[in-house]
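Turn these sequences into a full structure, and let the hints guide you.
Residue numbers (my numbering), protein chains in the order written: chain A, 1 to 622; chain B, 1 to 503; chain C, 1 to 104; chain D, 1 to 501.
Calculated from the structure, these hints are not laboratory results.
For every residue, glycine included, the Cβ atom is placed at its ideal position computed from N, Cα and C.
Hints should not be assumed to be uniformly reliable.
Below, computed lysine to aspartate or glutamate pairings styled on EDC-like, alpha-carbon distance capped at 20 Å [unchecked claim]:
| id | chain 1 | residue 1 | chain 2 | residue 2 |
| --- | --- | --- | --- | --- |
| 1 | D | 117 | B | 105 |
| 2 | A | 23 | C | 100 |
| 3 | D | 26 | B | 457 |
| 4 | D | 170 | A | 571 |
| 5 | A | 575 | D | 167 |
| 6 | D | 380 | A | 106 |
| 7 | A | 156 | C | 97 |
| 8 | A | 189 | D | 418 |
| 9 | D | 448 | A | 107 |
| 10 | D | 380 | A | 158 |
| 11 | C | 91 | B | 105 |
| 12 | B | 374 | C | 97 |
| 13 | D | 448 | A | 158 |
| 14 | D | 448 | A | 106 |
| 15 | D | 26 | B | 500 |
| 16 | A | 367 | A | 433 |
| 17 | D | 417 | A | 195 |
| 18 | A | 575 | D | 418 |
| 19 | B | 160 | C | 100 |
| 20 | A | 189 | A | 201 |
Residues from chain B shown here face chain C by an in silico Cβ test under 10 Å; the list is partial [as the list claims (entries may be wrong)]:
| id | residue |
| --- | --- |
| 21 | 134 |
| 22 | 150 |
| 23 | 156 |
| 24 | 157 |
| 25 | 161 |
| 26 | 163 |
| 27 | 172 |
| 28 | 193 |
| 29 | 490 |
Each chain is listed here by its residues.
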Amino acid sequence: MENAWLIPLFPLISFLILLLFGKRLKEASAYVGILLTLASLIYSILVLFERFSEPTYVTKFDWLTIGDFHLTAGFEVNQLNALMLFIVSLVSFLVHTYSKGYMHGDERFHVFYAYLGLFTFAMLGLVISPNLLQTYIFWELVGVGSFLLIGFYFYKEEAKAAAKKAFIMTRIGDVGLFIGMALLFWQTKSFEYSDIFAAVDAGQVSGTMITLTAILIFIGAVGKSGQFPLHTWLPDAMEGPTPVSALIHAATMVAAGVYLVASLFPLFSASHTALMTVAVIGGFTAIFAASIGLVQTDIKRVLAYSTVSQLGYMMLALGSAGYVAGVFHLMTHAFFKALLFLAAGSVIHAVHTQDIEEMGGLWKKLKLTGPLFLIGTLAISGVPLLSGFFSKDEILAAAWEGGHPVLFVLALVAAFFTAFYMFRLFFMVFTGEARGNQKHVHESPSVMTFPMIILGVLAVVAGYVNTPWFGTFLGDWLVDGNEALAAHGHHEGPVWIMILATVVSLLGIYLAWLIYGKRSVSRNWLSGSGDMLHTVLLNKYYVDEFYQLTIVAITKGISYFLRFIDTFLVEGIVKGITGFVQGLGATGSKMQSGQVQTYGAVAFIGLALLAVIYALTGGYLR
Amino acid sequence: MSFETLSQFNWSVMTPEFIILGVAALLTIMDLFMPKGQDRRILGWIGIAAIAAAMVSVASLAGGAVVSILDDTFRLDSFAIAFKLLLLGGAGLVMFLAVSYEAKDGMEEYRGEFYYLFLTALLGAMFMASSGDLITLFIGLELLSVSSYILAGIRKHNLKSNESAMKYVINGGISTAITLFGMSYVYGLTGSTNLLAIAQSLSGLTDGQHVYLLGLSFLMIFVGLAFKLAAAPFHMWAPDVYQGAPTPVTAFLSVVSKTAGFVIVIRILLTVFGAATTKGPGSMPILLDMQDYIAFIAGATMIIGNVVALKQSNIKRMFAYSSIAHAGYILVALTSLSSNMFYSIWFYLLAYLFMNLGAFAVIQIVTEKNGSAKIADFAGLYRRSPGLAVVMGILLISLAGFPGTAGFIGKLNIFIGAFAGTPHYVLASIMIATTVVSYFYYFGVMTQIFFRPAANEDRFKIPASILVVLIVAVVGSVLFGVMPNIALDFMNNNLDILADFFS
Amino acid sequence: MSSVPASAFLALALILFCIGLYGALTKRNTVIVLISIELMLNAVNINLVTFSKYGMAPSITGQIFALFAISVAAAEAAVGLAILIALYRTKKTVNIDEMDTMKN
Amino acid sequence: MNLHAILSILVFSPLLGIAVLALMPKDQEKSIKLVGFLATLPALLISLAAYAHYLAGKHLSDFSVSVEWIHFRGMNVEAPYFAVNYELALSGFQLLLVVLTAVVATLASIAARYVKKEWKGFFMLFLLLEVGMLGVFTAENLILFFIFFEVTLIPTFFLIGKWGYFEREKAAYSFLIYNGLGSAVLLIVIMILFAKTGTTNINILKDILADPSAPVSGDLKLGLLIALLVAFGVKLPIFPLHSWMLRVHVQAPVPTVMIHSGILLKIGAYGLIRFGMGLFPEQFDTLSTLIAVLGVINLLYGAFLAFIQTDFKMVLAYSSISHMGIVLIGLAAMNEAGVQGAIFQVISHGLISALLFFIVGVLYERTDTSLIGNLGGMAKGMPVAAGFLLAGAMASLGLPGMSGFVSEFMAFLGLFKEMPWLAAVGTIGIIMTAAYLLRAVLGMTFGKSHREFTGVVDLKGVEFVPVVVLMLLIVLIGVYPSVLSSPLQATLETIMPGLGG
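If you want it as structure tokens, here you go:
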């Protein structure tokens with residue numbers, strides 16, 4: 001564990017190598033990336049197992065001195081970090097492998113791998129940061145990595161727009177985090193998590209301040225994890241290559257928000273208001289995004305909205321004090337959502353379109369992808385015995401125990417929606433007859449399917465580390481040795497919740513089957529019920545348009561107003577002054593009429609003037 | 001007064017004057033008997049030699065005690081020596097310009113006069129510097145004025161030259177009258193024309209009426225003398241005269257004549273009005289009482305000079321206004337009446353001597369080449385003659401008062417005086433602000449020189465005599481900008497003006 | 001003998017000065033302008049002489065000063081007229097308000 | 001060896017280059033440019049040596065030199081009063097700025113390869129300018145500081161006015177007049193202090209002004225500080241004294257604008273910190289709120305205006321205004337974090353803006369335009385340049401791991417302690433910075449290419465030197481800020497007690 005800092009280092013090395021020699025390496029760049037991420041994967045597995053037996057390990061050194069304050073940098077390996085290390089490096093490794101097939105033939109192949117390396121480095125750095133400042137640093141770097149990868153197809157206007165949007169929207173959140181961080185620093189005189197928690201426990205920080213900072217920090221999480229109202233960038237981010245979507249916008253970065261809240265859980269749990277906010281935002285986002293997902297026709301966007309909604313779930317869990325539930329779902333979701341994305345990628349790879357209207361009947365053609373996609377779908381829909389089932393159940397339980405009946409209901413509905421639209425997706429893509437031409441559709445190469453298989457397996461079994469039946473190993477381990485968290489450990493939810501959840505999701509699946517599988521119910525049944533509603537959903541509640549009309553417009557307005565000031569007020573004053581001086585000169589030289597007697601007169605007038613002043617003041621000016 | 005008394009006088013203190021006087025007379029005679037066709041430049045060189053000799057003798061007189069002869073009408077004190085050096089130096093450089101000045105428009109046959117009139121003018125200025133009596137002051141002043149009237153009009157077939165001379169005479173006459181009128185009251189109140197005697201009798205002044213009258217006469221004298229300084233309100237003749245007069249004469253007026261003006265102003269103001277009390281012995285002297293009027297004139301002068309200069313298209317007119325402005329700066333030093341006043345005024349005049357004469361040397365070359373004096377004629381000077389351009393650049397920078405040049409140190413001196421004691425914030429602010437305004441026109445010339453393309457590419461040939469001026473000017477401006485203490489310490493060690501000014 | 005008070009002389013001088021100044025600043029003919037200047041100078045002389053008789057401390061210096069002033073005034077007038085002639089040769093006019101070739 | 005001569009050699013070493021150039025025929029472009037470049041090296045090496053000297057744990061005071069120079073006479077007091085010595089010295093802060101100056105100057109001299117005409121004159125003025133800048137940062141008394149300050153003025157005027165772009169003369173003039181006014185105000189302040197106290201040595205002045213019996217009243221001090229704020233506010237620039245600087249940034253030639261935005265603007269910050277804060281701490285404290293407000297205004301004003309510019313140079317110009325706002329914010333905080341942040345910002349912005357302006361210059365050389373619209377999709381044509389441009393933008397918008405972040409972070413951290421609400425408002429600037437930079441940079445690099453980039457060559461050869469060096473420094477500071485913070489500690493300790501904070 002002492003050398004856990006090596007884990008982020010490998011990807012960094014790969015980034016640097018590819019940056020310098022990528023052009024020469026060409027496709028061979030893939031091996032550099034894959035091997036180095038494999039290295040960090042292996043290492044992080046070791047660290048994880050080590051961590052089972054040993055206590056938390058922290059080390060740090062002075063990074064920057066401000067007067068008497070010594071800001072440190074270093075790394076920490078606690079349960080959460082170790083787990084995250086494993087998840088991130090695993091998914092990253094798989095995506096690296098997958099991309100070798102997916103990106104094959106792209107002229108900027110090596111650049112892609114370089115960016116992947118950069119991102120992985122940042123993400124791993126983020127999860128082992130022992131203090132807020134370092135977290136923030138990597139937090140931003142992760143954002144850049146995502147920005148670069150979203151804008152990978154830079155010549156596409158959409159990609160450009162999406163990248164810009166992603167960066168700025170997350171930045172808005174980051175500022176919240178920044179403010180919270182700064183305020184917290186002057187409260188606790190430190191950025192170290194441990195010191196902060198200590199200060200909070202000791203009651204050095206006023207309640208309102210805790211709430212304020214917690215919420216500000218949560219805003220950061222909202223930005224990164226695409227929670228409402230800062231969610232709009234995430235669907236657009238699908239402009240990036242699909243593996244990127246799998247890695248960044250499904251498994252790792254977007255989960256960073258959840259991770260942040262989790263790792264600062266003691267702070268949040270100290271303020272009921274803060275927790276409530278988290279829960280409400282999470283719950284709302286869950287149902288909100290799910291409802292949008294119902295009608296989208298772009299395979300990746302559907303997945304994107306489901307991601308948003310799932311992240312909402314996690315927030316809800318954390319918000320209702322379900323620490324373990326949140327983290328647990330974070331893990332399982334990472335697996336099955338990555339799986340789904342990779343599968344979707346392989347589909348797109350096959351049919352060269354993202355519009356599900358043009359797919360259909362691929363089950364026979366994609367012998368491997370189909371089943372894997374199904375596994376993922378089942379998992380996310382919370383069908384029993386798959387990973388998603390357990391984690392989702394955990395969350396519902398937490399919500400119920402946490403005493404948020406409303407949120408509990410919301411979550412249930414969201415679960416129903418999820419099941420419905422996921423299977424809608426599945427049926428439209430894989431069943432029925434082919435819409436759109438599907439000549440020379442073929443299964444993806446093994447280098448792409450292999451990672452999917454692994455994820456598939458995980459998507460099935462990952463849930464069993466924390467189940468009501470086979471023991472709650474994960475839960476106990478996560479909170480072990482941390483009384484602050486112990487209270488928020490595994491919740492033994494009542495059985496009816498589990499049953500209810502199952503029923504709901506099955507209902508969703510059934511309805512989807514009726515409409516899109518069996519076609520016994522017309523597709524317009526839903527949209528028919530209210531065309532208005534349908535269009536609203538289709539346009540994602542017009543949130544983007546709203547922002548366009550308000551924030552963007554206002555910003556532009558201010559800018560033009562200021563330009564007005566700049567050109568007329570500031571410049572105007574200057575012009576005025578210079579003009580005045582020039583005018584003075586002009587009049588002066590006009591008086592220079594060449595009439596010698598005028599000159600004498602001026603002199604005399606001057607004398608007279610002085611004499612008059614002298615006379616009036618009686619000779620004494622002072 | 002018998003021969004014995006005459007012979008008892010220590011005439012040696014007048015050596016410099018005698019030299020100039022003698023040579024002036026000599027030149028007159030030589031000019032008379034020289035064959036018509038012969039080149040008169042030789043006379044100019046003789047004049048230069050004379051000035052050099054006079055300078056040496058003045059320098060040799062430095063450091064001694066105050067000597068006053070002829071019933072204290074002629075006094076040789078440190079003040080006189082310090083400023084005579086300036087006058088002689090300035091006149092010397094002007095003579096160099098004059099020697100190479102091409103004679104045309106009917107001054108060909110008067111070339112001889114051209115030289116010895118400079119000498120007589122100089123003589124007048126020198127007498128002003130060391131006269132201890134209103135009468136001698138007045139005579140010196142008039143000797144200077146009358147000579148310069150003629151000099152201004154010496155190109156007798158040139159309309160502009162005549163016109164400028166005429167204007168000069170008329171304005172000069174008026175100013176003289178006003179000054180004299182003021183002086184007459186001073187005499188009336190004291191019954192003496194000897195400055196120290198006047199000071200003596202005024203130091204006990206108590207009668208409010210008399211104080212009042214004295215105040216009026218102060219204004220008259222000051223305004224009248226403002227003519228010589230080309231300070232507001234008596235500045236308006238300057239542009240026309242500067243433009244019309246031959247360039248060496250313009251240079252002479254802008255430097256020597258101005259210096260002389262300050263000499264007489266300081267003499268009269270400090271001795272007469274510095275001593276005159278307002279409310280009986282020991283009370284505030286009138287001079288301090290009138291400070292605000294001087295300040296007022298100084299401010300007006302700086303503003304008018306710098307602002308109107310912006311609008312000029314003729315380089316000589318522009319320099320006329322710039323010289324007005326510089327007079328304003330020096331008046332700031334006079335206003336502040338601080339203990340370093342003599343240093344700042346003297347040093348500034350020294351710096352001004354170098355930078356302005358140098359600039360006029362360049363102007364003379366360029367104008368003679370182009371036959372006109374438009375600022376636009378400087379376009380592309382840098383391409384045509386880089387050396388000349390750089391020299392002009394340095395001199396302009398010095399005039400604008402940038403560091404590394406004598407002009408800057410001169411301004412620093414003035415500022416120290418202005419802020420020490422009772423600070424004159426407003427006046428100093430006007431000075432600095434107008435200085436910034438002056439960047440406009442000085443750098444305007446620079447843009448012509450360095451940025452604009454040249455009309456024609458033909459080069460200049462720089463006559464040796466002007467080369468001397470240029471070298472001296474640049475070296476002076478830079479040297480005294482980098483090591484001002486060469487001058488300051490010389491003054492500090494040899495000339496204790498403050499001490500023997502009133503003795 | 002009945003003495004005229006000093007103030008009368010001074011008043012006369014002042015008036016003369018003002019007349020001269022007025023003439024110098026208003027007359028078109030340059031010759032008259034020059035003469036007006038002479039008037040101003042003479043006003044000064046009256047002052048000086050008056051003071052040398054009735055001043056605070058009567059003394060002969062005033063009259064000496066006056067003599068110098070007179071002679072200087074003469075010189076000045078001579079030069080002035082000479083210049084005027086030169087000007088007349090080139091411009092064929094003695095009107096002072098036509099001497100405005102240099103201005104802006 | 002005698003270290004006291006080192007600083008003088010350092011400051012005046014460029015004169016050697018001027019001398020050599022003066023002897024060269026004016027048409028040998030290659031060799032003139034080479035000489036011009038070489039002439040900047042001595043200063044660079046010496047300054048780096050000085051930094052090494054510091055790292056070796058020796059005292060920077062070894063370098064300080066003081067020689068009798070001018071003695072103003074007639075004030076009836078004896079030396080040392082009204083005597084101005086030639087005195088140079090280095091503190092940590094000054095050392096950093098000197099190194100920065102030397103580095104940027106050298107790189108700019110490389111950028112001078114784009115100069116088209118009269119290389120000889122250009123380099124002579126350029127080197128003179130370097131002398132001025134080095135002097136400004138090493139001068140130990142106000143008058144010497146002012147002299148060097150003005151020495152930078154004239155070369156810059158010519159460098160802009162003769163070698164600049166289209167409206168160069170207008171730009172040169174507004175530069176001259178604004179800075180002339182600024183320096184005029186500065187001169188008044190200096191002379192008042194000089195006349196009142198008889199000295200301009202900064203340390204002595206500090207002591208004199210510190211004791212209440214000083215001949216300078218509190219009100220006068222406040223007035224002087226406000227005057228200083230104006231004087232350096234022109235240089236920095238502070239709204240509304242900024243309009244000259246926009247023209248200069250757009251019109252000046254590449255090397256000049258690198259120097260200008262990289263170093264000359266920093267003189268303003270340096271002056272505010274060293275003189276404003278150093279000499280008048282209490283008054284600075286009373287004004288801190290005002291300064292903070294000004295800072296926030298600068299930050300937002302620049303950011304919002306940069307958001308709608310069509311010329312990338314204008315974007316950079318306004319972003320400079322915005323970033324200087326952060327300096328003010330840091331200073332206004334008046335605590336270690338803030339001041340250190342301000343100083344960091346001074347240096348980091350020096351590097352970043354030099355980098356960005358160099359890249360713009362390169363682009364302009366290639367495409368004859370710096371309009372965002374005309375450059376769209378540039379990444380296709382010249383990917384490397386585009387990459388560095390993006391990296392530079394990232395640094396400028398305060399991406400962690402680059403110098404911009406550290407300074408921004410500390411400045412805001414400082415202000416959040418003192419005036420949280422103001423700071424919170426200021427953070428809008430952080431968002432806007434990202435917004436306008438991405439808008440501009442992505443507009444240039446990403447998207448469909450509006451023009452054929454055929455024949456447009458990417459960065460090549462010596463052009464990499466400035467870009468890479470600057471980028472490395474930026475990252476170095478961002479990753480290991482102690483390279484700056486450790487030399488600063490001493491300086492901060494000298495400033496802070498005065499602040500009583």
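Tested hints:
no.	hint	verdict
1	117/D to 105/B	violated, 43 Å
2	23/A to 100/C	violated, 80 Å
3	26/D to 457/B	holds, 17 Å
4	170/D to 571/A	holds, 14 Å
5	575/A to 167/D	holds, 17 Å
6	380/D to 106/A	holds, 14 Å
7	156/A to 97/C	violated, 79 Å
8	189/A to 418/D	holds, 14 Å
9	448/D to 107/A	holds, 17 Å
10	380/D to 158/A	holds, 16 Å
11	91/C to 105/B	holds, 14 Å
12	374/B to 97/C	violated, 25 Å
13	448/D to 158/A	holds, 10 Å
14	448/D to 106/A	holds, 18 Å
15	26/D to 500/B	violated, 57 Å
16	367/A to 433/A	holds, 16 Å
17	417/D to 195/A	holds, 19 Å
18	575/A to 418/D	violated, 38 Å
19	160/B to 100/C	holds, 9 Å
20	189/A to 201/A	holds, 15 Å
21	134	holds, 7 Å
22	150	holds, 6 Å
23	156	holds, 4 Å
24	157	holds, 6 Å
25	161	holds, 9 Å
26	163	holds, 5 Å
27	172	holds, 8 Å
28	193	holds, 5 Å
29	490	violated, 36 Å
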